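Student: The primary structure of each chain is shown beneath.
2 protein chains.
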Amino acid sequence: MERSSCDRLGSVRVVLLDLDGVLYVERALVPGAREAVGQLRSLGLALRFVTNTTSRSRPETLRKLRRLGVPLEESELVTPAALAVRHCLENGWRRASLLLPDDVKEDFADLEEDDERPDVVIVGDLGERFGYDVLNGAFQRLLAGAELVALQKNRYWLKADGLSLDVGPFVAALEYASGREAHVVGKPAAGFFGEVLASAGADAGAAAMVGDDVESDIGGALRAGLAAILVRTGKYRAEALETSGLEPTAVVDSIAGVPALFGA
Amino acid sequence: MERSSCDRLGSVRVVLLDLDGVLYVERALVPGAREAVGQLRSLGLALRFVTNTTSRSRPETLRKLRRLGVPLEESELVTPAALAVRHCLENGWRRASLLLPDDVKEDFADLEEDDERPDVVIVGDLGERFGYDVLNGAFQRLLAGAELVALQKNRYWLKADGLSLDVGPFVAALEYASGREAHVVGKPAAGFFGEVLASAGADAGAAAMVGDDVESDIGGALRAGLAAILVRTGKYRAEALETSGLEPTAVVDSIAGVPALFGA
Chain A
0 MERSSCDRLG SVRVVLLDLD GVLYVERALV PGAREAVGQL RSLGLALRFV
50 TNTTSRSRPE TLRKLRRLGV PLEESELVTP AALAVRHCLE NGWRRASLLL
100 PDDVKEDFAD LEEDDERPDV VIVGDLGERF GYDVLNGAFQ RLLAGAELVA
150 LQKNRYWLKA DGLSLDVGPF VAALEYASGR EAHVVGKPAA GFFGEVLASA
200 GADAGAAAMV GDDVESDIGG ALRAGLAAIL VRTGKYRAEA LETSGLEPTA
250 VVDSIAGVPA LFGA
Chain B
0 MERSSCDRLG SVRVVLLDLD GVLYVERALV PGAREAVGQL RSLGLALRFV
50 TNTTSRSRPE TLRKLRRLGV PLEESELVTP AALAVRHCLE NGWRRASLLL
100 PDDVKEDFAD LEEDDERPDV VIVGDLGERF GYDVLNGAFQ RLLAGAELVA
150 LQKNRYWLKA DGLSLDVGPF VAALEYASGR EAHVVGKPAA GFFGEVLASA
200 GADAGAAAMV GDDVESDIGG ALRAGLAAIL VRTGKYRAEA LETSGLEPTA
250 VVDSIAGVPA LFGA
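If you read the protein sequences in the order shown, they are chains A and B. Numbering-wise (numbering that gives the first Met the number 0), the first sequence opens with residue 0 and increments by one. Numbering-wise (numbering that gives the first Met the number 0), the second sequence opens with residue 0 and increments by one.
By construction, these hints were calculated from the structure, which means they are not laboratory data. Warning: the hint list may mix true and false statements.
A pair counts as met if it fits within one copy or between any two copies, since identical chains are not told apart.
Subject to a maximum C-alpha distance of 25 Å in a straight line, what follows is the list of computed SDA-like cross-link-like pairs (lysine to any residue) [stated by the list, open to error]:
1) K158 <-> R128
2) K104 <-> R62
3) K104 <-> L221
4) K104 <-> G161
Predicted, not measured: the structure shown is a model, and the values here were computed from it.
Input sequences plus hints: build the corresponding full structure.
Tutor: Below, the structure written as structure tokens:
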């Protein structure tokens, strides 16, 4: 059963596609995802692939999409890393303590890694390596005056063994301990959507976000003025939608149902 | 330099003494602590030893105090464990998942440990064993419907290598992930102070709390109507007091200065 307000979608020229939970879940493509991307391109819509995933570097994410048969230009991929680097440089923060997997650090090459006297602590997805010592070290750097930047603040994501903690809870832990609020770079930050739209030369009224995360994809997009299409794959749970009080522009079973919303 | 409103302390009959940071720091007694306890007893004041420490069982805490030369009756020691057990039983929650060190679990013998289908997740001080897997397991139990009880929610405490994360940040992480608020048992919960006063047969106007934690000891006590004496040992930091907006009844350099406030 599909639910939508199709009028709102008539003006859309740019579609933002979330990756994990929308195009793929773990290592498998969502059925029909490749074809849906092709259909959206055939309709003349500009695409942006937007993700909060920070457990992988940009080059790795590009390779993964191409390996799954979803061709894209590098300029179509938007991750929080570049926005975080720019935010730090704009504020004169060059020395950064990186709570990130080693192979993601290449995205932060314009900063200088420094765990001794950092200007900023940047928190990404350490996954199972989030532990007491790592968090306590970050806390002590915050107490010593470092700023706190979070690549994203998602609550949970869908892993093979069920919904599992994402980066957000660990950011919340550091905020609570330090009494300092993180600057969040990824979805649902308004700045994130603003950057994506600027790169596509479109305004919010001409854009739609497709995502499985009620809060970060749907809530973030609606607050930024975009249309928001919720898919029932990935971390989608009916309760999460009900308790959110949010009204997506459309709700479809999966990415495979999205092209029809645009008249395919 | 001492600062106090001595009138308020004239009506005090019961003194609540925090342990870690007030009577001792790590394994060492704060200089003068033993004598101060003796002087307070000589003044005819009833004492209660109140702690949020949940990395040690009640019997171990008793042994530690006696080893340090601070004699006390078992009934004078108040820890969050017994209050948590009572709260669970009153709500019919018998099966508990315990995020606690093994040797603290004896304090929870009236509950049944169950990580598969718990009614409640109880979070205490796992210290360096707080890690992704432990927190993720707790999160999944909360998603499945378990309640969340925190023995305390302190932000940090003073370890040998500096201020370090306490239980609170990990409770905050679970609250953020699950969207569920923890029932906090220890200081600064009003119920904690209420229990202590009931056990001493005194009302808040006849009681004073001595602590090093601005928020949990001083803020909690003042909100519960007790006088509050801040000591400049343990986790005390001038900035924490300034930014709190709280006005302790008195501020002294250490526990050694407390008896003089009561006329010793």
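Student: Each hint should be assessed against the structure and marked as holding or not.
Tutor: Now the hints, each set against the structure:
1. K158 <-> R128: Result: close both inside a copy and across copies, 16 Å intra and 22 Å inter.
2. K104 <-> R62: Within one copy, since 17 Å is at most 25 Å while 49 Å is not.
3. K104 <-> L221: neither (32 Å within a copy, 47 Å between copies)
4. K104 <-> G161: Neither. Shortest intra-copy (28 Å) and inter-copy (28 Å) distances fail the 25 Å Cα cut-off.
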